[in-house]
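Produce the entire structure from the sequences given, and follow the hints as far as they go.
Number of protein chains: 2
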Amino acid sequence: MGKIVRIFLQEKKVSEEEIPKGWELLGGRGICGKIISSEVPPEADPLGSKNKLIFAPGLLGGCYVSSSGRLSVGAKSPLTGGIKESNVGGTAGQKLSRLGISALVLEGISKEPSILLISKDGVKFESATDLVGLKTYELVEKIKSRYDEKNAIIGIGPAGDKKLFLSGIFVSDIEGRPCRYAARGGLGAVMGSKNVKAILIDDKGANGISYDKRDEFLTLSKSWGKELIESRKVFTEYGTAVLIKIINELGGLPTRNFRVGSFKDADKISGETLRENALSRGGRMGHPCHPGCVIRCSNIYHDKNGNYLTSALEYETIGLMGANLEIGDLDAVAEFDRMCDELGIDTIETANSIAVAMEAGLFKFGDANGVKEALGNIEKGTVIGRIIGSGAKRAAETLGVKRAAHVKGQALSSYDPRCIKGTGVTFLTSPMGADHTAANILPGRTGYHFYDVDDDGGGVTSKEKKVEISRDVQIMVAVCDTLGFCFFVGPNLANMEFFAKLIKARFGYNCSALDLIEMGKDVITTEIEFNKKAGIPPVSKLPEFFYKETLKPKDLTFDIDEENIKKIWE
Amino acid sequence: MGKIVRIFLQEKKVSEEEIPKGWELLGGRGICGKIISSEVPPEADPLGSKNKLIFAPGLLGGCYVSSSGRLSVGAKSPLTGGIKESNVGGTAGQKLSRLGISALVLEGISKEPSILLISKDGVKFESATDLVGLKTYELVEKIKSRYDEKNAIIGIGPAGDKKLFLSGIFVSDIEGRPCRYAARGGLGAVMGSKNVKAILIDDKGANGISYDKRDEFLTLSKSWGKELIESRKVFTEYGTAVLIKIINELGGLPTRNFRVGSFKDADKISGETLRENALSRGGRMGHPCHPGCVIRCSNIYHDKNGNYLTSALEYETIGLMGANLEIGDLDAVAEFDRMCDELGIDTIETANSIAVAMEAGLFKFGDANGVKEALGNIEKGTVIGRIIGSGAKRAAETLGVKRAAHVKGQALSSYDPRCIKGTGVTFLTSPMGADHTAANILPGRTGYHFYDVDDDGGGVTSKEKKVEISRDVQIMVAVCDTLGFCFFVGPNLANMEFFAKLIKARFGYNCSALDLIEMGKDVITTEIEFNKKAGIPPVSKLPEFFYKETLKPKDLTFDIDEENIKKIWE
Numbered sequence: 212m213g214k215i216v217r218i219f220l221q222e223k224k225v226s227e228e229e230i231p232k233g234w235e236l237l238g239g240r241g242i243c244g245k246i247i248s249s250e251v252p253p254e255a256d257p258l259g260s261k262n263k264l265i266f267a268p269g270l271l272g273g274c275y276v277s278s279s280g281r282l283s284v285g286a287k288s289p290l291t292g293g294i295k296e297s298n299v300g301g302t303a304g305q306k307l308s309r310l311g312i313s314a315l316v317l318e319g320i321s322k323e324p325s326i327l328l329i330s331k332d333g334v335k336f337e338s339a340t341d342l343v344g345l346k347t348y349e350l351v352e353k354i355k356s357r358y359d360e361k362n363a364i365i366g367i368g369p370a371g372d373k374k375l376f377l378s379g380i381f382v383s384d385i386e387g388r389p390c391r392y393a394a395r396g397g398l399g400a401v402m403g404s405k406n407v408k409a410i411l412i413d414d415k416g417a418n419g420i421s422y423d424k425r426d427e428f429l430t431l432s433k434s435w436g437k438e439l440i441e442s443r444k445v446f447t448e449y450g451t452a453v454l455i456k457i458i459n460e461l462g463g464l465p466t467r468n469f470r471v472g473s474f475k476d477a478d479k480i481s482g483e484t485l486r487e488n489a490l491s492r493g494g495r496m497g498h499p500c501h502p503g504c505v506i507r508c509s510n511i512y513h514d515k516n517g518n519y520l521t522s523a524l525e526y527e528t529i530g531l532m533g534a535n536l537e538i539g540d541l542d543a544v545a546e547f548d549r550m551c552d553e554l555g556i557d558t559i560e561t562a563n564s565i566a567v568a569m570e571a572g573l574f575k576f577g578d579a580n581g582v583k584e585a586l587g588n589i590e591k592g593t594v595i596g597r598i599i600g601s602g603a604k605r606a607a608e609t610l611g612v613k614r615a616a617h618v619k620g621q622a623l624s625s626y627d628p629r630c631i632k633g634t635g636v637t638f639l640t641s642p643m644g645a646d647h648t649a650a651n652i653l654p655g656r657t658g659y660h661f662y663d664v665d666d667d668g669g670g671v672t673s674k675e676k677k678v679e680i681s682r683d684v685q686i687m688v689a690v691c692d693t694l695g696f697c698f699f700v701g702p703n704l705a706n707m708e709f710f711a712k713l714i715k716a717r718f719g720y721n722c723s724a725l726d727l728i729e730m731g732k733d734v735i736t737t738e739i740e741f742n743k744k745a746g747i748p749p750v751s752k753l754p755e756f757f758y759k760e761t762l763k764p765k766d767l768t769f770d771i772d773e774e775n776i777k778k779i780w781e
Numbered sequence: 212m213g214k215i216v217r218i219f220l221q222e223k224k225v226s227e228e229e230i231p232k233g234w235e236l237l238g239g240r241g242i243c244g245k246i247i248s249s250e251v252p253p254e255a256d257p258l259g260s261k262n263k264l265i266f267a268p269g270l271l272g273g274c275y276v277s278s279s280g281r282l283s284v285g286a287k288s289p290l291t292g293g294i295k296e297s298n299v300g301g302t303a304g305q306k307l308s309r310l311g312i313s314a315l316v317l318e319g320i321s322k323e324p325s326i327l328l329i330s331k332d333g334v335k336f337e338s339a340t341d342l343v344g345l346k347t348y349e350l351v352e353k354i355k356s357r358y359d360e361k362n363a364i365i366g367i368g369p370a371g372d373k374k375l376f377l378s379g380i381f382v383s384d385i386e387g388r389p390c391r392y393a394a395r396g397g398l399g400a401v402m403g404s405k406n407v408k409a410i411l412i413d414d415k416g417a418n419g420i421s422y423d424k425r426d427e428f429l430t431l432s433k434s435w436g437k438e439l440i441e442s443r444k445v446f447t448e449y450g451t452a453v454l455i456k457i458i459n460e461l462g463g464l465p466t467r468n469f470r471v472g473s474f475k476d477a478d479k480i481s482g483e484t485l486r487e488n489a490l491s492r493g494g495r496m497g498h499p500c501h502p503g504c505v506i507r508c509s510n511i512y513h514d515k516n517g518n519y520l521t522s523a524l525e526y527e528t529i530g531l532m533g534a535n536l537e538i539g540d541l542d543a544v545a546e547f548d549r550m551c552d553e554l555g556i557d558t559i560e561t562a563n564s565i566a567v568a569m570e571a572g573l574f575k576f577g578d579a580n581g582v583k584e585a586l587g588n589i590e591k592g593t594v595i596g597r598i599i600g601s602g603a604k605r606a607a608e609t610l611g612v613k614r615a616a617h618v619k620g621q622a623l624s625s626y627d628p629r630c631i632k633g634t635g636v637t638f639l640t641s642p643m644g645a646d647h648t649a650a651n652i653l654p655g656r657t658g659y660h661f662y663d664v665d666d667d668g669g670g671v672t673s674k675e676k677k678v679e680i681s682r683d684v685q686i687m688v689a690v691c692d693t694l695g696f697c698f699f700v701g702p703n704l705a706n707m708e709f710f711a712k713l714i715k716a717r718f719g720y721n722c723s724a725l726d727l728i729e730m731g732k733d734v735i736t737t738e739i740e741f742n743k744k745a746g747i748p749p750v751s752k753l754p755e756f757f758y759k760e761t762l763k764p765k766d767l768t769f770d771i772d773e774e775n776i777k778k779i780w781e
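If you read the protein sequences in the order shown, they are chains A and B. Counting in this note's numbering, the first sequence runs from 212 upward without gaps. Counting in this note's numbering, the second sequence runs from 212 upward without gaps.
Derived by calculation from the structure, the hints in this document are not laboratory data. Incorrect hints may appear among the rest.
Copies of one chain are not kept apart here, so a pair can be met inside one copy or by any two copies together.
What the hints assert, rightly or not - DSS-like cross-link-like pairs, simulated, lysine-lysine; straight-line CA separation at most 25 angstroms:
| id | residue 1 | residue 2 |
| --- | --- | --- |
| 1 | K759 | K744 |
| 2 | K744 | K778 |
| 3 | K322 | K613 |
| 4 | K515 | K415 |
| 5 | K743 | K777 |
| 6 | K744 | K777 |
| 7 | K331 | K223 |
| 8 | K778 | K743 |
| 9 | K591 | K575 |
| 10 | K613 | K346 |
| 11 | K415 | K224 |
| 12 | K223 | K759 |
| 13 | K224 | K759 |
| 14 | K355 | K583 |
| 15 | K261 | K752 |
| 16 | K322 | K759 |
| 17 | K732 | K214 |
| 18 | K752 | K676 |
| 19 | K322 | K763 |
| 20 | K346 | K224 |
| 21 | K261 | K743 |
| 22 | K335 | K515 |
Next up, the structure:
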């Protein structure tokens, strides 16, 4: 078991404590939830001194098993006003694990802009006064020139400095680039409000990971890894962008601010096009978002001249900045992605917010220069930039736009809930707001399904079943998020059993799949309880237009029984 | 008992129903609450088709008794997301009462901009396409030229047309001017969202009010009226602006966005200055906000050249657009007031929102031209105008400003809660958000007290007592709001007894002061229950700065025990 390290920013003090009894199965999202729910007042201003920002690697973080190195970032969200956990790849999570840190808790507000340096020797506070306002790529270069290049860097861009609600927190990837994001929920604004520009994780000389039964662990891990390599090949080859054509064919790819479910230029922004461009220009497919992951769904994308442009170009970004803004040009979307990474903002929230600005007539659908102008406004901090920067829901309120795709104040990911209905149920019922990562229920018969839910293919499953499936998958995703696993490994029963074995081999204590499922339920219950106290009901509604308009071209409606959804957590 | 008239805007249909059994004591706020809580989905979009906008005169509306002619306007508020009742003088309430209408319920959304004409013959729908965008004074002139001049007009300005959250709903006064406002909660945006520009109330040929015992009613009313004339003289002479000097001396007059509690130029914007200017320029003090009110705290204010400028100039407007923006010039404030009335916006929300824009550096404190420019931006609908127009809380979120004085998303009235602590308790605990009208607990020893709370003078009362007093007064104000009485008559026990006698003489049924108090509790409970379902807890917190900073010059803190406040509704 690791320790909880608390950093009192105002006083520049640090304390350490053991993980409390009863938290033996917790890490990542689970630890974030426990700390937030018991320590952050539900009514606290998300950008005020009483919010806490937590970085927690998963329980199995740092271990020799594929896809387990994700880092959970938690706080009360400025977008939803509720609890938030957003997890991210990169190199920071595993380094924290190796330092024996289960959770890093930032408390209060630093008097001056700071960098925190975390190593086996403790926490050092350094000034970041000259770094505030820097875009992320330059920030990372400056930091590398001053500190050990091998440090993992966690940081925010100029949007986070400005506390814009669509700001995310980056973690440097294995190339040292600021391109992996704990993007959702406005956590970058929380970090900005704490006056912390970056956190460096230095694991030199760390104790590393010990195992109760190392060989057993490695054996388990090895065969599982092999299976993952086989079954996830399509992601290794095409990245998450493989979904563009699939979701488009199903009629659920958000187009023109969720007006239509398929995009005429889907081919131009597909995973297939991405692969072709990446490989022909010297970029790369099959890039891991964190060390040791065999799924390797990330990529490196070069521009037409063969120069590095961005990493990684994901389905969500392409769907929402491409189809949903009617930009049928992958290079343009790649440029947007780089700009978002430079500013330190969530591409999902940003794209939805720009769509709202387009509804208001400030920019035009289909106009890539307009999108760049919008992003330029965010960079400059103009009033228009601040409006877009406040997120889709608030931008719509300010601009008098009704058509804003959000739940609980957080924008929808790139799945129209009228088509991808199981994920729609997740949007409405996840304590996190509209997060596909909380349980993405994709059709199971396309060959690309994550969930081993064979019978959930394009309308095959009954509506009741979709609610059940969303609930079960949400619980198992909560387990993945707590152990540090990417949900791409599959939030299914077989994996719960496998995780239980890993935990036994790593820590020596007995634990069953059912124990893990109970833990997952408890994680979600804790989050829901916090939300209730913060005034956020367990089940939300979609914006009115999703109920009023059918989704072309397949004339789909969101017809999952409301009463059934309401009972999901009973 | 009157009837409920429902207007289905989309279908241009009307239905009528009797008041349900059990609602015998309800009118005004009470009826609004019952209808909203049982018919509006708590999660409904305040500007969507499922919200309902209700106009309800008080139970004793239209009767021959002073100060009973107020009109309640209710809906789910876009500012707070909770239930809202805002009441207003003018001539509409009494006319509705004379038409036998207890509640006018607007449902759905009109396909085209409309005027609704309410008379004894029913409801007529007329087009308002050419009136959309008009400022209120011109709107009223156009309407008068087309329809009977004697109609009461209920309407919205261009801000309501734009659905800006700080929009109010005006009711024409006895001069036919658009200057009485159901200002708070953003109800003008709700009316705008329904696509209704104005409602005309024509009571020609109406049945009027019948009394069970007319003579008894008139006898009761007469002696009470005399007493009111005597005891409220200071308001007749100086208007509500008499409070400027009093609150300033107590150290609770919001100055420079609630930084200080007294304003160096308080004298220049005081009730005394107001009276002097009004009388010397051909304006008027002692003007009634609705026919028959003997308190007559309203006024008519002329400019330096003796031309009509605005009516009425109230304490809240002067405190918040004067002291709180550091404008020590009553004529400038009167101009702001007129501009706000023209645009159809709440001076309280607007002033607080402009203060936020000043914090962000968009305008300067103390600069009257800056305030006009800000209001001009609202008129033009620029992005800055829309940001300010979204209200203080949202403007602060968008502009990245921490210092925004609001509770539940609605801006504070002109009392610093660190000084006027009882009203501070009301701000935190009223289902309406920061409304002084929910229970304004002013010191009782200044000679100007409303509440006959003798022992609540400047710190004399214990802190526990202030919570109790706020609760009791909130309940009795709910009674006043339900019966149609202005809370200036005094929400006290003696008046509850008096109201019970009036109800007996009017309707013939027995009712005691205790029955009314029970009714008041039920009104508030109904509101709190709706809010809970909408995710708004019964007790809120002030923004952080109110707890962190002491209020100069008297070094006051908001030191009412939080645990005690939390128990207020138990």
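Check K732 against K214 for me: Cα-Cα at most 25 angstroms, and say if that holds within a copy, between copies, both or neither. The answer is within: 24 angstroms in one copy meets 25 angstroms, while 51 angstroms across copies does not.
Intra- versus inter-subunit Cα pairing at 25 angstroms for K322 with K759: Result: close only across copies, 15 angstroms inter versus 49 angstroms intra.
If the cutoff is 25 angstroms on CA atoms, where do K331 and K223 land: within, between, both or neither? Let me know, please. For K331 and K223, the Cα distance is within 25 angstroms only inside one copy (18 angstroms; across copies 73 angstroms).
When no copy is named, should K346 and K224 be tagged within, between, both, or neither for a Cα gap of at most 25 angstroms? neither (28 angstroms within a copy, 58 angstroms between copies)
Is it within a copy, between copies, both, or neither that the alpha carbon of K778 lies no farther than 25 angstroms from that of K743? both (15 angstroms within a copy, 18 angstroms between copies)
How would you label the pair K322, K763 (within, between, both, or neither) given a Cα cut-off of 25 angstroms? Between copies only: 24 angstroms across, 53 angstroms inside.
When no copy is specified for K744 and K777, does a C-alpha distance of 25 angstroms or less occur within a copy, between copies, both, or neither? both (18 angstroms within a copy, 13 angstroms between copies)
What label fits K261 with K743 when the C-alpha limit is 25 angstroms: within, between, both, or neither? This pair counts as both: shortest intra-copy Cα distance 18 angstroms, inter-copy 24 angstroms.
How would you label the pair K759, K744 (within, between, both, or neither) given a Cα cut-off of 25 angstroms? between (31 angstroms within a copy, 23 angstroms between copies)
When no copy is named, should K744 and K778 be tagged within, between, both, or neither for a Cα gap of at most 25 angstroms? both (19 angstroms within a copy, 16 angstroms between copies)
Pop the pair K224 and K759 into one bin, within, between, both or neither, using alpha-carbon distances up to 25 angstroms. between (54 angstroms within a copy, 21 angstroms between copies)
Pop the pair K415 and K224 into one bin, within, between, both or neither, using alpha-carbon distances up to 25 angstroms. within (22 angstroms within a copy, 76 angstroms between copies)
Going down the numbered hints, you'll see the structure goes against 4, 14, 20 and 22, while the others check out.
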